Amino acid sequence: MTNEARTPWVRLAKRDAMDPRKAWAIRLGSILIALLLGMIPVFITGNNPIAAYGTIIKGALGRPIYIKQTVKIAIPLLGCALAIAPCFKMRFWNIGAEGQITAGAIAASYFALYWYQKVPSTLLLLIMFVSAAVAGGIWGLIPAFFKAKWNTNETLFTLMMNYIIIGIVAWLQGGPWEGRKGSQIIPMFDQSARLPEVFGVHIGWIIVLVMVVLMHIYMNFTKHGYEIAVIGDSENTARYAGMNVGRIMMRTMFLSGAISGIVGFIVVSGANHTLYRGVANGVGFTSITVAWLSQLNSFAMIVISMILAILTKGASKLQTELKVPMSISSIVTGILLFCMLSSEFFINYQLIFRQKKSEEVCR
Amino acid sequence: MSSLIALLVASVTFGTVLMYGTLGEILTEKSGNLNLGVEGIMYMGGAFGLAGAFTYEKAVGVAASNGFVAIVIAVVTAFAAGAIASLIYGFITITLRANQNVTGLALTIFGTGVGQFTGEFMRVREGGYVALSNHLKGAFTFQIFPSFLRDIPVIGRILFSHNAFFYIAIALAVAMHFFFQKTKTGMYLRSVGESPSTADAAGINITKYKYLATIIGGGISAIGGMVYITTTAGCVWNHEGLSGVGWLAVALVIFCMWRPLNAIWGSILFGALMIMYLRVRVAFIPTEIYKILPYIVTVVVLVFSSMRNNKEKQPPASLGVNYFREER
Numbered sequence: 001m002t003n004e005a006r007t008p009w010v011r012l013a014k015r016d017a018m019d020p021r022k023a024w025a026i027r028l029g030s031i032l033i034a035l036l037l038g039m040i041p042v043f044i045t046g047n048n049p050i051a052a053y054g055t056i057i058k059g060a061l062g063r064p065i066y067i068k069q070t071v072k073i074a075i076p077l078l079g080c081a082l083a084i085a086p087c088f089k090m091r092f093w094n095i096g097a098e099g100q101i102t103a104g105a106i107a108a109s110y111f112a113l114y115w116y117q118k119v120p121s122t123l124l125l126l127i128m129f130v131s132a133a134v135a136g137g138i139w140g141l142i143p144a145f146f147k148a149k150w151n152t153n154e155t156l157f158t159l160m161m162n163y164i165i166i167g168i169v170a171w172l173q174g175g176p177w178e179g180r181k182g183s184q185i186i187p188m189f190d191q192s193a194r195l196p197e198v199f200g201v202h203i204g205w206i207i208v209l210v211m212v213v214l215m216h217i218y219m220n221f222t223k224h225g226y227e228i229a230v231i232g233d234s235e236n237t238a239r240y241a242g243m244n245v246g247r248i249m250m251r252t253m254f255l256s257g258a259i260s261g262i263v264g265f266i267v268v269s270g271a272n273h274t275l276y277r278g279v280a281n282g283v284g285f286t287s288i289t290v291a292w293l294s295q296l297n298s299f300a301m302i303v304i305s306m307i308l309a310i311l312t313k314g315a316s317k318l319q320t321e322l323k324v325p326m327s328i329s330s331i332v333t334g335i336l337l338f339c340m341l342s343s344e345f346f347i348n349y350q351l352i353f354r355q356k357k358s359e360e361v362c363r
Numbered sequence: 364m365s366s367l368i369a370l371l372v373a374s375v376t377f378g379t380v381l382m383y384g385t386l387g388e389i390l391t392e393k394s395g396n397l398n399l400g401v402e403g404i405m406y407m408g409g410a411f412g413l414a415g416a417f418t419y420e421k422a423v424g425v426a427a428s429n430g431f432v433a434i435v436i437a438v439v440t441a442f443a444a445g446a447i448a449s450l451i452y453g454f455i456t457i458t459l460r461a462n463q464n465v466t467g468l469a470l471t472i473f474g475t476g477v478g479q480f481t482g483e484f485m486r487v488r489e490g491g492y493v494a495l496s497n498h499l500k501g502a503f504t505f506q507i508f509p510s511f512l513r514d515i516p517v518i519g520r521i522l523f524s525h526n527a528f529f530y531i532a533i534a535l536a537v538a539m540h541f542f543f544q545k546t547k548t549g550m551y552l553r554s555v556g557e558s559p560s561t562a563d564a565a566g567i568n569i570t571k572y573k574y575l576a577t578i579i580g581g582g583i584s585a586i587g588g589m590v591y592i593t594t595t596a597g598c599v600w601n602h603e604g605l606s607g608v609g610w611l612a613v614a615l616v617i618f619c620m621w622r623p624l625n626a627i628w629g630s631i632l633f634g635a636l637m638i639m640y641l642r643v644r645v646a647f648i649p650t651e652i653y654k655i656l657p658y659i660v661t662v663v664v665l666v667f668s669s670m671r672n673n674k675e676k677q678p679p680a681s682l683g684v685n686y687f688r689e690e691r
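If you read the protein sequences in the order shown, they are chains Y and W. Numbering of the first sequence is given in my numbering, commencing with residue 1 and proceeding in unit increments. Numbering of the second sequence is given in my numbering, commencing with residue 364 and proceeding in unit increments.
Take these hints with a grain of salt, some might be off.
What the hints assert, rightly or not - Pairs of lysine to aspartate or glutamate residues, derived as DMTMM-like cross-links and limited to a Cα-Cα distance of at most 20 Å, are as follows:
#1 Y/K14 with W/E689
#2 W/K654 with W/E603
#3 W/K500 with W/E420
#4 W/K654 with Y/D19
#5 Y/K323 with W/E489
#6 W/K547 with W/D563
#7 Y/K181 with W/E651
Stated by the list, open to error - If you want the footprint, here are the derived chain W segments under chain Y, 3+ residues with CB under 8 Å:
#8 515-528
#9 613-625
#10 646-653
#11 657-669
No wet-lab data here; the hints were simulated from the structure. Owing to the predicted nature of the structure, the values given are computational and were not obtained by experimental measurement. Note that the Cβ used here is the ideal one computed from N, Cα and C, for glycine as well.
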C-alpha cells in the first residue's frame, strides 16, 4: 500500500491567526450569502425576492418617520447586545436578557406609576434608571450565583427566569397594577416619567451610544475585561492564575443584567410609556444574534443592530403589502447566524487537499 | 377521585408531547451533542406535521381521507422537518465545529421562524383558517383500546384511554433503554458521547454516530410538536401554546438524568404541572402566578440536580464539546 492511498483526500488543520481584514471579508461574504438564502422563503410564497428586499428597505428607511421607528427598534437591540457581550465572552450562556429587561421594566414602572407626584421629573427618571439597573442586575445575579456555587446549567436557568418574570408582569397587569378594572392594562405613565426626545427619538439612543463606548473601554482596557477574556478562553487557566472565577461570574452577570434592566427602563419610559407582558418583545433573543454577528465588538454592534432593526421593521411592511408572514425576519436572522457560525470555520481552519505523489517527490 | 383521574389523563396528553421532545434530545445528547434547538425543532415539527395532514386531506377530499394515512403522513413530515433542522445543526457543529450553544440558539430562532411562517402562510393562503375536518381530528385523538378495557373502573381510564401517540412514546422509551444498555451500537454511541478520542482510537466512526444520533433525535423531538398541534391544540396552528415546550424538554433531559425510562414519568409529571392551573383551583394563588409553576419547579430541579455529586447521574462527559481529532 502506497503512502498516497493512506492520506485522506482532504484533511483539516488549524490556521494561525488570519489577517483581520481577510477575516472580516469572509464574514461580510457570509452575511451576503445569508441574505441570498433568506430569499428562498419569499420565493416560495410566490413573490419576487428582489422586490421583497426593496419593500423591506422602503418600509424601514423610506420616510423620516420610518427611520425614527427603525432606530427605536435598534436601541434596545444594541443595548441588550452590549449586555450579552461580556457573558458570551466569558462563555456564560445568558439567554435570560429577556427576563432581565422585564425585571428592569417592572422596577422602573413601579416608580413611574406611584412616585410621579412625589418627586420632580429629572429625579424620577434617575430613580427609575437606577432601580431598573438594580432589578435587572439581581435577576441576572440569581442564576450566576448557582452557576458559581454548584455549576448549575445557566442556559436553562436564565431561560426559566424569563418565563417566571413575564408571568409576574401578566399578574401585575390583571391584578395589583391594573388601571380600569377588567381592562388587563396598566395605565400610561405620567408625562414626567417619560424620557425626553432628541431629534424626534427618545434619548435612549444617546444612553446606549454612551454605553457602547463604556463597554468598549471596559472589555478592552480594564482588569475586569481581561479577567472575563481569560475565563472565556480557559476557566482552569483563570483558576491557576488565582482568579476567583465564581466571583467574576457573579459580578459580570450583575453588570449584564443591570444593562438589560436599563434597556427595560428605556423601553417602558421612552417607547411604550406603559408596562405589559410583551415588554421585552423577543429583544433578549435577537440581541444574541447582534452580539454574535458583531463578534462581540461594541462598535460593530451599532451596524448589526441597525441591520436587524431594518429587517424587523421592513418585515412588517412586507406582511401588509405582499402578505409575506412577518416571521420571515426570524428566518433570515437564523440564517444569518448559521452563516456567520459557518464562516468561522474557514477563518479558524484550513483544508489541506491530498497532493499528487509526483509533486511530493519533486519537493 | 374522578377529577384526579381527569387531571392524570390530561397530564398524559400534554406529557406525551414533552416525552417525544425529551427522548429525542436524550438520543442527541448521548452522542455528545447538546442541541439547544429543540424549541425550534418542535415548532417546525408542529407546523409541517399539520401542513402534511392538511395537504393530504385537501388532495384526496374529506370523504375519501383515511385517518391512519393522515397520521402516518403527519408523523413522516414532522420527522423529516426535525431531521432536516438537525442536519443543519449537525453540519455546523460536527463538520464545521462551530459552538454548539450558539448554533442551538440559532436553530431555535430559525425553527420558530420557519414554523410560524409555515403556519401563517397556510392560514393566509387558505383564507384565514387552517383546520382539519372533524373526521381526521378524531383519528388523531382516537383511543386505540377497545371499550371494554377503557370501561374498567379507575384503571381503564388511567391506562387504556389515551391516544396512540402515548403508547408509541412508551414503546420508544423502552426501546431506547434497551438500545443504550444492551446493543453494541448503543454502547458505541454512548462511548462517543463519553470519550470521543477513545472511541475514535477503537475504530468507531465518530462523525457517523454523531450525525445519525443528532438527526434521528431531532426527528423524534419534532414529532412532539406535531402531537401537540394535532391533539392538545385541536389541529389548529397555535404557536402560543407551543412556546417554551421545547425548552422544558431540554430541562427534562437533565431531570431524567439522560435515562429514557425516567422520561416517561418525568414527562407526565411536567405535563401535570403545565395544565394544573386549569384543573386544580387554589383560591389564594392568582392564575398568572400559578402558570409559572412548571418553570419554578424546573429551576428547583436544575439546582438540586447540580448539587448532587453522584458519578452515575452525570451528563455524557463530552457533552457540548466538539471533537477535533488533530487536537490533543
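Status of each hint after checking the structure:
{"no.": "1", "hint": "Y/K14 with W/E689", "verdict": "holds (9 Å)"}
{"no.": "2", "hint": "W/K654 with W/E603", "verdict": "holds (14 Å)"}
{"no.": "3", "hint": "W/K500 with W/E420", "verdict": "holds (11 Å)"}
{"no.": "4", "hint": "W/K654 with Y/D19", "verdict": "violated (52 Å)"}
{"no.": "5", "hint": "Y/K323 with W/E489", "verdict": "holds (13 Å)"}
{"no.": "6", "hint": "W/K547 with W/D563", "verdict": "holds (15 Å)"}
{"no.": "7", "hint": "Y/K181 with W/E651", "verdict": "holds (17 Å)"}
{"no.": "8", "hint": "515-528", "verdict": "violated (count 0)"}
{"no.": "9", "hint": "613-625", "verdict": "holds (count 3)"}
{"no.": "10", "hint": "646-653", "verdict": "holds (count 3)"}
{"no.": "11", "hint": "657-669", "verdict": "holds (count 7)"}
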